[in-house]
Structures are given as structure tokens and as C-alpha cells.
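Protein chains in written order, with the UniProt record's numbering: chain A, 1 to 60; chain B, 1 to 546.
Be aware that a few hints might be false.
Distance ranges between label pairs, derived from CB positions [to be verified]:
(1) B:380 x A:12: 35 to 43 Å
(2) A:4 x B:358: 48 to 56 Å
(3) B:260 x A:34: 27 to 35 Å
(4) B:95 x A:34: 39 to 47 Å
(5) B:260 x A:10: 45 to 53 Å
(6) A:47 x B:369: 24 to 32 Å
(7) A:23 x B:383: 23 to 31 Å
(8) B:463 x A:38: 55 to 63 Å
By construction, these hints were calculated from the structure, which means they are not laboratory data.
No residue lacks a Cβ here, since even glycine has one placed at the ideal position from N, Cα and C.
Take a look at the letters that make up each chain.
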Amino acid sequence: MPLTLHPNITDPDGFYQELLDAHEGKTKADSDALNARLILILANHIGDRAVLRDALEAAK
Amino acid sequence: MVAARYQTAVTLYPYQKVADQAASTPARHPVVIIGGGPVGLALALDLGQRGTPALVLDDHEGPGLGSKAICFAKRTLDIATRLGAGAAMVEKGVVWSLGKVFHGDGKVFEFDLLPEDGHRNPAFINLQQPYFETFLFDAIRRAQAGGAPIEVRGGNRVTDVRPAEDQVGLTVDTPDGPYAVEADWVIACDGARSPTRDMLGLSFDGRVFEDSFLIADVKMQAPFPTERWFWFDPPFKGAGQSALLHKQPDDIWRIDFQLGWDIDREEELKPQRICARVDEMLSAQTGEVPEYALEWTSIYTFQCRRMQAFRHGRVLFAGDSAHQVSPFGARGANSGVQDAENLAWKLDLMCNGLAEDALLDTYAEEREYAADENILNSTRSTDFMTPKSEISQVFRNAVLELAARAPFARPLVNSGRLSVPCVYDGLTLFGEDHLDGPPATRPGTPAVDCKLGQTFLLERLHPGFTLLAIDADTPEQIEAGGLLARRLELSAQTNPLLAERYLGNAPSAVYLIRPDQHIVARWPTFDHEAVKRASHIAIGKAAPCP
Ligand SMILES: Cc1cc2nc3c(=O)[nH]c(=O)nc-3n(C[C@H](O)[C@H](O)[C@H](O)COP(=O)(O)OP(=O)(O)OC[C@H]3O[C@@H](n4cnc5c(N)ncnc54)[C@H](O)[C@@H]3O)c2cc1C
Numbered sequence: 001m002p003l004t005l006h007p008n009i010t011d012p013d014g015f016y017q018e019l020l021d022a023h024e025g026k027t028k029a030d031s032d033a034l035n036a037r038l039i040l041i042l043a044n045h046i047g048d049r050a051v052l053r054d055a056l057e058a059a060k
Numbered sequence: 001m002v003a004a005r006y007q008t009a010v011t012l013y014p015y016q017k018v019a020d021q022a023a024s025t026p027a028r029h030p031v032v033i034i035g036g037g038p039v040g041l042a043l044a045l046d047l048g049q050r051g052t053p054a055l056v057l058d059d060h061e062g063p064g065l066g067s068k069a070i071c072f073a074k075r076t077l078d079i080a081t082r083l084g085a086g087a088a089m090v091e092k093g094v095v096w097s098l099g100k101v102f103h104g105d106g107k108v109f110e111f112d113l114l115p116e117d118g119h120r121n122p123a124f125i126n127l128q129q130p131y132f133e134t135f136l137f138d139a140i141r142r143a144q145a146g147g148a149p150i151e152v153r154g155g156n157r158v159t160d161v162r163p164a165e166d167q168v169g170l171t172v173d174t175p176d177g178p179y180a181v182e183a184d185w186v187i188a189c190d191g192a193r194s195p196t197r198d199m200l201g202l203s204f205d206g207r208v209f210e211d212s213f214l215i216a217d218v219k220m221q222a223p224f225p226t227e228r229w230f231w232f233d234p235p236f237k238g239a240g241q242s243a244l245l246h247k248q249p250d251d252i253w254r255i256d257f258q259l260g261w262d263i264d265r266e267e268e269l270k271p272q273r274i275c276a277r278v279d280e281m282l283s284a285q286t287g288e289v290p291e292y293a294l295e296w297t298s299i300y301t302f303q304c305r306r307m308q309a310f311r312h313g314r315v316l317f318a319g320d321s322a323h324q325v326s327p328f329g330a331r332g333a334n335s336g337v338q339d340a341e342n343l344a345w346k347l348d349l350m351c352n353g354l355a356e357d358a359l360l361d362t363y364a365e366e367r368e369y370a371a372d373e374n375i376l377n378s379t380r381s382t383d384f385m386t387p388k389s390e391i392s393q394v395f396r397n398a399v400l401e402l403a404a405r406a407p408f409a410r411p412l413v414n415s416g417r418l419s420v421p422c423v424y425d426g427l428t429l430f431g432e433d434h435l436d437g438p439p440a441t442r443p444g445t446p447a448v449d450c451k452l453g454q455t456f457l458l459e460r461l462h463p464g465f466t467l468l469a470i471d472a473d474t475p476e477q478i479e480a481g482g483l484l485a486r487r488l489e490l491s492a493q494t495n496p497l498l499a500e501r502y503l504g505n506a507p508s509a510v511y512l513i514r515p516d517q518h519i520v521a522r523w524p525t526f527d528h529e530a531v532k533r534a535s536h537i538a539i540g541k542a543a544p545c546p
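Chain A with its partners taken away, still in its complex shape (with noise of 0.2 Å):
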């Protein structure tokens, strides 16, 4: 499956409130080790190394 840039979420901003809410009160340090954790996560979800060098593409 191609990397999709349409909308796929459902109830973006539930998902965007709880996206704040695990870097509420975190320091800057402990937020980017939470956002690589999530990275890292995410990617091997998704697994698929087309997909994932289009994000890293996309992302730029």
C-alpha cells in the first residue's frame, strides 16, 4: 500500500489531544526521547521500506 497523504484518522483532533497529552509536563530531553520511541514504533508498524522512505520523503 502507497504512503497516504489524505486524511485517514478518525477523530483527528481526539488523536492530536492525546498526541500533546503523553508530552504534557516532560521536559525537553524526555520529549524527544518519546517522539523517537513513537517514531521507531511506528516505522516498524508500518514495516514496509517504500512507505517509510516516501514518510521520510514527505516529512522534509
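Got chain A; can you put chain B with the ligand on it based on the hints?
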């Protein structure tokens, strides 16, 4: 005079005066190998066993003392087995499979490298380099006794190399003064500081890692587990960014501390300072310090670099002289021995007039490709172990934290990717893949071992080219373009492992395999024209017109 540059561990090839030294015109040798390290010795043995005379010139009389290579990988052991030195290595070496990875105070995970079925040799062994060289030399002695034309001259230092159109002139210094020889081919196996490279004015470019490693070999009799322990950010005082503990034969343990770039070498090498670190490391798991003694300590810095071209006319470079890697993954000696095996059969064909000059270019093509792969792997390991930026540190630590609780992150942890042989996908000498077979035995791969009753596939392959016929009809041998391939006939009907590794879903298969055991091409059944075509390709000749 030949002054020693280092202490030797054992005397193997003491200096002896030879007739060449008194010759009025320089004696001519087909192949002169400069340097009798692991690579030069393996090359000489391989050539000599094929019947091509090999003269090794080394400026010492045996392997150097002290901590160098300890980890020898399966492909190296397979090569050594073919050369008659493998069994002694495996018998003396330490085979291990359990490892633990730590991050700071905590254990991240443990692994068990369960061996795969049906291979003669283990994935790797730990063995001190002087033993490795001694076992190769023992095999050379046995081969010499059987008539193999190999000569190793210790105390012979090459001081000048003069390449010409039709030969290479060499000046050799000895305790009895200098003499000259000539060679058809010169193979520089003279190590990372290669004087030959300097004499030819060739460069050696790459990346220096700004890091120092303290290496301590420690002798201890304590019943300590035979496991590989690796720490990222070790908790011991001043232990640097990583630390490694690994067992060798003779109750010796290799300990590495990654100390960083800005260090006071003299201070760090003080025994009491080293012992303080070692005490903390050894007691980290058991709570007590076992009795031990320091055997050998030194500080190294590492680089990843290679020569732009491994072939310069009649002078070819192999081993550390051609490429250097950081030691994570044990890719130094292991890849150098593969250089030697790649070059041996090609030189042998050349010296016997059976191949054209272009065949030697493919040595460079294949081994430069392999060197790039090794450099890539060891650079990646180094980047994981020594993050180069703040964000790479953040990701590195995230991987380590996750690895403790989620299996997916463990393959991302990189404390060295152990040397595996290079697959020559798509390079000049490899032919067609007409079998819908397993990827692990596609053209370009080194043949995978497999148990065959009481023997193993790799040792059944012929010294020259092999036409492997599995449940297929082929002639006993086939000659094409100067290449002779002899048949090895097998059946997979009662050998599911052979079927899994060489047939996949196909009912039969025919493989053309090189003398270095790499697979050239494969087909479902014997097709004379196709095999002839592949045979030409395999030795760098133009295929005949159909
Ligand atoms: C700390 C450390 C750990 C390592 N661990 C591993 C490991 O676990 N696994 C692994 O595979 N590799 C490892 N290596 C790398 C390995 O030691 C080298 O890759 C290997 O020694 C290279 O072999 P070589 O034959 O190319 O060169 P060398 O072993 O350097 O041999 C070169 C020879 O040439 C001789 N010579 C030099 N100049 C002349 C001259 N002018 N005339 C005549 N002779 C000459 C030298 O005396 C020497 O005998 C390690 C290295 C270090 C430093």
C-alpha cells in the same frame, strides 16, 4: 639488517640463507607474496595446493604478539577447512552462542545464536590471531611435505618494488644483506601500513574514527560464563561509551573499553587504572571480583578506508593493505582471507595460461565491492556505538530503551554485524539464474554447506570448477573456454535439507560452482550450451557465438 618492528608470539619461519641471495642474475618467481600474515599465508597455501609456486617474503619470523583478531567467521573456517587448517582452528577455538546487551545499569536483552543445522563449521569461533596463523603455517608445512611448491622466507624485508611491463623487480633486505628477485605477479599482503602501497605512491583514503579503544586481554580461571557481554554507556567509572567482554581459548578474556578521542594514553595504560575498570566490569553481574591477571594491554584507534583500486598491473593488494575497517563485526582478517581465496584460483589459471589478463581485473571488481560492503557495515556499527549528533544519540537511546521491552527494536541494536561473505550479485563473472530456486544459493552467493551422510557438501566440491547435479543428468565433466568443470552428483530425495537449500520447489537442479565455492549460474536441468556460456563468463572470456 632487518630490525624487528614488533615482538613475535612464536617463531614459525626463521631466517635461512637461500640460493637466490647468491644468484648473479635475479631469480624469477611466478608469484611473490609480500607479508606472511593471515592473508599472505592463506594465499600461499591455496596457490601451492593448486600447484602454482608461491614465495612468501616476511620481515619477521612469525606472527606478532599481542591482541589482534579473535573472532573468525564461518566462511573463513570453511576456507581454512578446504585448505586443511580448519579442524585445528575449531578444536582450539571457543564456540559461544549466548550474549547479553546492557545499557547503563540495566540489561537490555539476551540472545542465543542457535546454530543452524547441517553445517560443518560454527557461525564463528574466538581464537587468538597467532594461533590462526600458526595453524595455517602448519598446513603449509604439511602441503610442502606433500610436494606443494610453497616457500616462506622469514627475516626477508621488501625494500623496493619496481613494476615493469613484463615482470616486477624486488629488492629484499636480509640479515646477510640485500638481494634481488623478479616476479610475474606480486601480491602485497603487507598489512594496513603497507610499505608496497607507499613505494608505489598509492593513497589509502577513508574515514578515521575519532575514538580510542583500550584493549585488555585478561587471564582468569574463575568459572565465568562463556558469554559475550556488551555495554552501551557502561556504568563503571570512566569506562567510556561502550565496553565488551568476550572469551578466548586458554582462559583468556578480551575486554574492550571505548575511551573516546581526547585521552591520556600513558595514564590510561597504567595497570592500576585498567584493573579498576576491569574489577567493576567483572563484578557487575556477580557482585564479586574474580581472580585475574592482565596478559596484554594496548590502545588502538580505528579507521575505515580502502585503496581506490586493488590491482595495479602486476601488483595486486589483498587484506589490510587494500582495506581497513573498524573491528566491530570482525571484518578485517575475515575479509582478507576471502580476498586471498578469490585471488588464488584466478592467479593459478593465469599462471597456467588458462585465462586472460582481464580475469585479474575481476579480483579487484569483486573484492572492492566486498570492501565497500564491509566498510558500510562497520561504519554503521560505529555510528550506532558513537552517535555523532544529539539527535542520533536520542534515537540510539530510544532503540536501547525499546529493545528492553519490545522485540522489534532488538535487530536495530548494533554492536557489530558479524562478518558474512559478500554476495557478488550481478558482477561480471556471474551468469544466469534459470532455476526458480532458493535465494540463498542464487548466482553470486557462496555455496551453502549441507550435511551429506558422513560428509559435508562444501568438502565434496572439487578444487577446480564443480558441476553440481542434483537429481539431474549431466556429463561427468565439461570443458569450455579452457575451464574444466567436474561433476558432483547428488540426490535430494532422502535429504530434505539439500532440497531446501538447493532446489526449493524445483525437482532437479544443475549448478556451476567456482573454485572459491561461489555459485556462477544455475538451471533446472543440464543444458550444454548454457553451461558452456556460463563457463566462458566465469573466467572472464567472451561467450562463444551460438
Ligand atoms: C585490536 C584488533 C582486533 C581485531 N579483531 C579482529 C577480529 O576479531 N576478526 C578479524 O577478522 N579481524 C580482526 N582484526 C583485524 C586483523 O588483525 C587484520 O585484518 C589482519 O591482521 C590483516 O591481515 P593481513 O595478512 O592483511 O596483514 P597483517 O596481519 O598486518 O600482516 C602483514 C605482514 O606483512 C609483513 N610485512 C610488512 N611489511 C613488510 C615488508 N616490507 N616486507 C616483508 N614483510 C612485510 C608484516 O610483518 C606482517 O607479518 C583486529 C585488529 C585489531 C588491531
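Now for the hints, and whether the structure bears them out:
1. B:380 x A:12: 35 to 43 Å: holds, 37 Å
2. A:4 x B:358: 48 to 56 Å: holds, 50 Å
3. B:260 x A:34: 27 to 35 Å: Holds: the Cβ-Cβ distance is about 28 Å, inside 27 to 35 Å.
4. B:95 x A:34: 39 to 47 Å: Holds, since residue 95 of chain B and residue 34 of chain A (Cβ atoms, about 41 Å apart) stay within the stated range.
5. B:260 x A:10: 45 to 53 Å: holds, 49 Å
6. A:47 x B:369: 24 to 32 Å: At 28 Å between Cβs, range holds.
7. A:23 x B:383: 23 to 31 Å: holds, 28 Å
8. B:463 x A:38: 55 to 63 Å: holds, 56 Å
Hint violations for this structure: none, all hints satisfied.
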